[in-house]
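Enquirer: Numbering that gives the first Met the number 0 puts the sequence shown at residues 0 to 370.
Think of the hints as simulated: they come from the structure by calculation, not from any bench. Each hint should be verified, as a subset may be incorrect.
[To be verified] Keeping only pairs whose Cα atoms sit at most 20 Å apart, straight-line, the calculated DMTMM-like set for lysine to aspartate or glutamate is:
(1) LYS28 - GLU70
(2) LYS267 - GLU369
(3) LYS16 - ASP297
[Unchecked claim] Across the chosen pairs, the derived CB separations fall in these ranges:
(4) MET106 - GLY30: 23 to 33 Å
(5) GLY30 - GLY242: 36 to 46 Å
(6) ALA189 - GLU15: 47 to 57 Å
(7) GLN331 - LYS357: 25 to 35 Å
(8) ASP226 - ASP93: 49 to 59 Å
(9) ASN193 - ASP330: 19 to 29 Å
(10) ASP364 - MET320: 18 to 28 Å
(11) PHE40 - THR362: 26 to 36 Å
Glycine included, every Cβ here is placed at the ideal spot set by N, Cα and C.
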Amino acid sequence: MEKSKVFFTNFRTTPEKNILQKLRNLIEKAGMPTMDLDGKFTAVKIHFGEPGNMAFLRPNYVRVVVDMLKEMGARPFLTDCNTLYVGMRRNALDHLQAAFENGFGPMQAGCHVIIADGLTGNDDVHVPIDGIYCKEAIIGRAAVDAEAIISVNHFKGHEGAGFGGALKNIGMGLGSTAGKRHMHHDGKPAVRPNACVGCGLCMRQCAHGAISFVGEGKERKAVINHDICVGCGRCVGACRHQGAITGPDSSCEMLGCKISEYAMAVLKDKPHFHVSLVMDVSPFCDCHSENDAPIIPDVGIFASFDPVALDMACADACNKMHRLEGTYLTDQGHNTGDIFNDTHPVTNWRAGIEHAQKLGLGTMDYELIEV
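Generate the whole structure from the sequences, applying the supplied hints.
Expert: Structure representation (structure tokens):
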């Protein structure tokens, strides 16, 4: 397979060109204006950020993309699906409130905001796919109805998939509430009683009431009811200081593969284009209001028609950066040369991206073109 082109620009600016102008120049060079989007409903997939989290992308970046789409004659709208997790994004009303609080309103973004799977996360479509792990994907209806997909993502670490980039932004992000449960349900976290200190952080992060405690004082330990647990992994992220809750290795790899199959379901038969901003690379997802300090310096902005090549290029660039001291990454004490596996040792980010290549979503071989 021929190498895919991935375009890159750094965050350095000059009096003649600010960062938003550099972003516009990047997506022009990468070819987004060549897409035939005239009159087409175009979903711009963005993570609105859980309030309290300040690593989510500023709406200024999205406005650049939206303005160009409108110049192309497209009919863009910002979108995301509801979540399984605690927080403000479990239903459309609170989700929209979170988006507006973080600056993603029609005035700032230049287009309307639609929560793709409706008021309670049940407005979805079962999309048949010939996947290894999924024979159908449950996708938010607005994403299915859209005639084109533009992905703008904040590239960062992730406690289940290793990192979150273009594939996760599309696959997990546009899976409906039921779709997210479908992707997660094969992997259930487990408690290591000897490490549990009974602090209760995990229970507060569980949106489904699956965690309780037994014992008193120093003998107080968490217990997970796997009949209720949906496998979302929020408790794993909450238990970041003691490591008392872990997910099985195989489930993390399967999660990455399912995300790729869902991404295939979203993108098939539709024009699509992807932008990744590798900045504020936090160890945890933007679904966390406490996703923690960046683990490496800011890298730059990447763009491509190929989400697989794009994720690969971003991961490679991150692994060339030095580690920031006093962060969650250096706290782990691992240094294998792979910052994502060192941050979350039970994950394997390559599993998902390799699976996406096998599915024909793109290629891991890329040509990096700096603009």
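Enquirer: Give a verdict on every hint.
Expert: Checked hints:
no., hint, in the structure
1, LYS28 - GLU70, "16 Å, holds"
2, LYS267 - GLU369, "29 Å, violated"
3, LYS16 - ASP297, "18 Å, holds"
4, MET106 - GLY30: 23 to 33 Å, "29 Å, holds"
5, GLY30 - GLY242: 36 to 46 Å, "44 Å, holds"
6, ALA189 - GLU15: 47 to 57 Å, "55 Å, holds"
7, GLN331 - LYS357: 25 to 35 Å, "30 Å, holds"
8, ASP226 - ASP93: 49 to 59 Å, "27 Å, violated"
9, ASN193 - ASP330: 19 to 29 Å, "20 Å, holds"
10, ASP364 - MET320: 18 to 28 Å, "22 Å, holds"
11, PHE40 - THR362: 26 to 36 Å, "29 Å, holds"
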